[in-house]
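> Residue numbers (the working numbering), protein chains in the order written: chain A, 1 to 427; chain B, 428 to 702; chain C, 703 to 992.
Hints in this document: simulated from the structure, not taken from any laboratory. Among the clues, some could well be false.
Distance ranges between label pairs, derived from CB positions [unchecked claim]:
no., chain 1, residue 1, chain 2, residue 2, range
1, A, Gly407, C, Thr902, 43 to 49 Å
2, C, Tyr887, B, Leu502, 33 to 39 Å
3, C, Val729, A, Ser352, 56 to 62 Å
4, C, Val729, A, Lys358, 57 to 63 Å
Keep in mind it's a predicted model, so treat the numbers as computed, not measured. No residue lacks a Cβ here, since even glycine has one placed at the ideal position from N, Cα and C.
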Amino acid sequence: MRTRLLAVASLASMLLAGTAYAEPVSLTLWHMEQPPHRVQRMQELLDEFNKAHPGVQVKQEPQSWGEVYAKAPAAFAAGNGPDMLFTIPDFTTLIKGIDALVPVDDLAKDLEAKHGFVPATIAPYQYDGHTWAIPAYNMAISMWYRNSALKAAGIEVPKTWSEWKAAAEKLSADGKYGIGLPANKQLYTDQTVYSFMVNSGAADIYNEDGSIAFDKPQTVEAYQTYADLQKLSPPDSTSWTWGEAEACFASASCGTILQFSVINTYETQAEADPADLGVAPVPHADNQSDSATISYSNAIMLTTKDEAKQAGAKVFLAWLLEPQNYGRFLTMEPGLFLPVTNDGAKAESFWSDPIVTKYKSQVETMVANSQTGKLFGFTTGKVFPSIGAISGQNVIAETLQKIVVDGQSAADAVKAGQARMSEIAAK
Amino acid sequence: MKRTLPQSLALYAGLAVIVLLIGLPFWWVMSGSIKLPREIISRVPTMVPQSFTLQHFEKLLQSTDFPAYLVNSLLVALFSTVFTIALALPTAYAFFRMKFPGRAALYRLILVAYAFPTVVVLIPIYGLFARFGLIDTRASLVIVNIAFALPFSIWMMRSFLASVPRDIEEAAIVDGAPPRVILLRIMAPLIAPGIASVAIFTFIASWTEYLFASVLIVSDARRTIPVGFAGIIGQYQIDWGLLLAGATLATIPVVILFAFVGRWFVTGLTEGAVK
Amino acid sequence: MTNPRLALLFVAPALLFLIAVLGWPLVQAVILSFQNVGVIGTEGEWIGFDNYAAVLGGSNFWRALGRSLLWVVANAIVQTAVALGVALILHQKFPGVRVARTWIILTWIVPTVVVVIIWRWLLSTSGGMVNPLLIQAGIIQRPIGFFATRESAMTTLVLINSWRWFPFVALMMLAGLTRIPSDLYEAARIDGATAWKRFTRITWPLLQPTLMMLGVVGTLLSFNVFDVIWLLTAGGPSQATQTLPVLIYETAFKGYRLSEAATVSVLTSLLLMGFALLATRAMTASEEAR
């Protein structure tokens, strides 16, 4: 149905445009923003773009992150892959490895001059002398809490790990949990553990030469603290993904959680006062002075060898990052997707969204936090292909389970994690 | 036969346990789908909804192509079933009543088709289908479903054929009826209930298939229910209300279908064999 | 009837179909297992038996095999026990038995993805019903994590998978029960045999062919269960639920070692084929003996 409408729309625009664009370039875009309202917003934007650009017709085919790691390589190998593909840094290394990827150096340079990228968002895509994708939106983990709960317990917003631990212990009362930290073998746990690691000075997991630099005292300290705090989490947190953490927070069962955003859930499920929702940087180790976090710069890759299609895709990407369009793209999930460009961070189209307006102060804090974002494997300016497999097999989360589930010491678990990563890197 | 009181008590207690074991989870899901979000994630869950809303269903139907998923699933399951029966019936008959060289070996070979992890063939099948332009078609799912349902169907069908008394068939042979006629006019009607239960088995197997459907189908308009349902599970957020509504809507169509054909499955299994 | 050509004509369509759709991809998997392909779609070189040496020499394959065996046996025990009880109940006559026989199958007609979501929600501590229910019943004191320890994760998965499959098994058993001639029971009753005696002397022995058939098919089916495990624990915690299909998927699609995954697949297939051949030989032997 949707595709038929699209076909009608593109036919109409062809007719309107007359003979100037006799043969429109049609492009297929794969993204992994599959929840229905995101697909809907994307379609609105595409309809608008397609109408304004009769020569380039873009259609979306939403996929899911769970399957795309298998599906995209299979599709490219069979010659029916998409022309544009949404990505996160580790996925890009995979697609680059199968030679399906086209660098976007010139476009990135133009857009940089025009809009100015937040450095943390484009850096993970710049290596081997090229830029491999155009950043689209950013996500960074923050600590979420309720002002009223902290006040009732008589505590300040924690800034260091020991303050956080004290706060979590105080908030653990009458059936509630002071903190909700996952220990699942899953990406979410990779993310929360790494947001501890960046806060104790253990951000780099590779040495300059590509050998693994995971096993060091700072990493052990991060794991030790995480495991200690995890004991205060709900018993089912060993199987959590993002959704369970949010539900725990929204139902006021969890005092503090680490999450990209809880705004949507808080707004639709908690039925509580926006002013009560607190967000702060992830607390840091006691011997550190500043907080950092993990951030995922989501980007769009060019995956077609056809030059006319490449040109068309570039028109589309440039259009998407124009401030008057860009804000509406970001607010397909209001309060989750953060701007990657400097003028996008000021865009009226972003801040005028009703949810963003309602939670303005929280979104401002999230944007500020995202500036300090790092991502494991992409911190040194050199990228090694094994990061795809390390990330894909959730070695960071697996290491945590050795402590939480198997009762190993943090030092032993991190040592085993180092061995596992080295084994993967050697293959 | 008469039951003693303790026997009756045991019987009804057992029944009650079965009803709770199967019914309770479904009750929780269906009643959850009409609760307000706040109640769904409440720390103190409620057995009976305290709130009522249709917002989850509205959202689901407004923003997804659920009806299209439903039609796709029905089409795929229906065609898979028809072709599986058409292939399984003569094969089972040949294995059961005809003698030919290599019969035993071939029969085992077909059963062995179950003996490997289905994940193994995912990528080769993708490559194969891509070569024939079958990616993103419902036909590709039909083909895969037939392949996975066929061995078990042949096996089940063979045991039903085995229960047909030989003299019925021999009478037809004496009359000079060719095997095709014997199969379609005499054997098939006799084991019709058995065929029905094989058909329902195939239908359900196709209806619930997820792994291949998720990889072989690319566009939203051709997704089946399991894949469409998986699509509303967000990567970074989970809308439990939407999921419960989706689970309810994914269940209701088969329940309705089963209300009509369900008893055939059981009678097919229990009475498909002619005594 | 002895017309081989006609018989082959009957068998050929199904056979050719299976060869094209399953046989050919399997050959591809065998080819892959002798190469060193990493990411799907890339080229590899021939490396002989290196993959086999690595897989058989490492510990991952053997541990996953052990878990798979545990998984199959545990599922078989739980499902057989529950299903036999259910089948015996449904074999009785009582008002509504038809309805019960039909709707027992409800858990089996729901897509696995839906089953997974249902249980993820029911077992969670935010909104999940199971923990409060167990607390009310006095079985546990405070909420527990069903996937928190190695043992409980495996147990929970077995129970969820069995929840989905036991009705199907029960109906297959019911079919077996109805084939037992009722005059046998009559005779036993006249001889004054107790219900237990009737079960051990008549029901159980005569149910053997059905149980054996279910044992073979059930083993193959549950050995290959992948989606329930993958979607609920992804093989965790700490690899406690990483069965062979999970190991294969993870190696191929998360670790990007396609050839190694193919090697594990080939080894697994050989094992299962060996099992299937032995089992079918035993079954056809007992069939012909009757």
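> Which of the stated hints cannot be reconciled with the structure, identified by number in ascending sequence?
Number 2 - this is the single hint that the structure violates.
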